[in-house]
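K.L.:
Taking the hints into account, I'd like the entire structure generated from these sequences.
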Amino acid sequence: SIEVTDTYLFGDLNLNGSFDLTDAILILKVIVERYEEFTPFQGLLSDANMNGKTDLSDALLVLNNLLLNKQNGLSKSLAVSSSAATDTLLPVQMNLPAMEGAAGQEISVPLRAVESGELYGLDAGVSYDPAMLQLVSVRTSGSGDLLASNQQFPGRVHWATVNSVPIGSDEGVLGELVFRVLQTGTHLLTVESCNGAFSRQTIPGDPVPEVFGLAQNYPNPFNAGTTIRFQLPRPAKVNIVLYNIRGQKVATLVNEEKAPGYYTYRWDARSLSSGIYFYRMTAGDYSAVRKLVLIK
83 SIEVTDTYLF
93 GDLNLNGSFD
103 LTDAILILKV
113 IVERYEEFTP
123 FQGLLSDANM
133 NGKTDLSDAL
143 LVLNNLLLNK
153 QNGLSKSLAV
163 SSSAATDTLL
173 PVQMNLPAME
183 GAAGQEISVP
193 LRAVESGELY
203 GLDAGVSYDP
213 AMLQLVSVRT
223 SGSGDLLASN
233 QQFPGRVHWA
243 TVNSVPIGSD
253 EGVLGELVFR
263 VLQTGTHLLT
273 VESCNGAFSR
283 QTIPGDPVPE
293 VFGLAQNYPN
303 PFNAGTTIRF
313 QLPRPAKVNI
323 VLYNIRGQKV
333 ATLVNEEKAP
343 GYYTYRWDAR
353 SLSSGIYFYR
363 MTAGDYSAVR
373 KLVLIK
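What the sequence shown shows, in our numbering, is residues 83 to 378, in sequence order.
Hints are computed from structural coordinates only; laboratory data are not their basis.
Even for Gly, the Cβ is constructed at its ideal location relative to N, Cα and C.
Misleading hints may appear alongside valid ones.
Within a straight-line C-alpha distance of at most 30 angstroms, the following computed DSSO-like cross-link-like pairs (lysine-lysine) qualify [as the list claims (entries may be wrong)]:
1. K319 / K373
2. K135 / K319
3. K373 / K331
4. K373 / K135
5. K331 / K378
6. K331 / K319
7. K340 / K373
8. K319 / K340
9. K340 / K135
DEER-style ranges, computed between Cβ atoms [claimed, not checked]:
10. R352 / T272: 49 to 59 angstroms
11. L270 / Q234: 16 to 26 angstroms
12. G329 / L172: 43 to 53 angstroms
P.N.:
Spelled out as structure tokens, the structure:
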């Protein structure tokens, strides 16, 4: 027998049953702690890769799975990594020059990373003297960059940005901070924190999940095709079996040895009738069950 509990799709913060840009932006707002713009439950769902924390990798997972769905449509089953970026964030050394400005003047500070390598996301915090400067805006360099910033506290700004392609301009500028000068003089900025999601080619080896995990399929409910994600922290024999509402076995979706990593399985359900089904994953000592709804 199998035990069934109601489940939600981690990363689906607007609860519409699928990943979209709104979800990615909400995850960025969770990262920069704009608490008034998301609920505690949405904060829980923001851990899209289910590793126990919310960071850039969660927003990238949502964004890239959204693009993957658009590109593949109802393609054959696949088990691939969905992002060109790693799920491991590394420190980024940021270059912030001292600024000269007269009172009333607006000055733009370009943000450049010292390291080479492609960045798909940036999570940074910068402090400044609020008696000397007033923050006007945070800008990205790429037209497709998703951005969320927290400017609520004078003297500090926290922002996060991601894209499915490398962020930044051809000149290496990742973004810019625009200030209004309150007092004439030399103005210094301090980088409090700065972490980035680099391309897989920049970092040797593929990232390995910390825990086993089985995500809720998306979309759900669905018509004809849906996607099931799972992750393995170590090599394991993976078995994913589909059951009907009576607990009878309907199909075996996955039954093979897998290396550690993140996997996406695209399932074509056009041969089945409408109804409620359950899929169960076992891998070593790990076991999990999710409910799915097929509507035709």
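K.L.:
Now, for every hint given, state plainly whether the structure supports it.
P.N.:
Quick rundown of the hints versus the structure:
| no. | hint | verdict |
| --- | --- | --- |
| 1 | K319 / K373 | holds, 22 angstroms |
| 2 | K135 / K319 | holds, 27 angstroms |
| 3 | K373 / K331 | holds, 14 angstroms |
| 4 | K373 / K135 | holds, 24 angstroms |
| 5 | K331 / K378 | holds, 21 angstroms |
| 6 | K331 / K319 | holds, 19 angstroms |
| 7 | K340 / K373 | holds, 23 angstroms |
| 8 | K319 / K340 | holds, 6 angstroms |
| 9 | K340 / K135 | holds, 25 angstroms |
| 10 | R352 / T272: 49 to 59 angstroms | holds, 57 angstroms |
| 11 | L270 / Q234: 16 to 26 angstroms | holds, 22 angstroms |
| 12 | G329 / L172: 43 to 53 angstroms | holds, 46 angstroms |
Hint compliance for this structure: no hint is broken.
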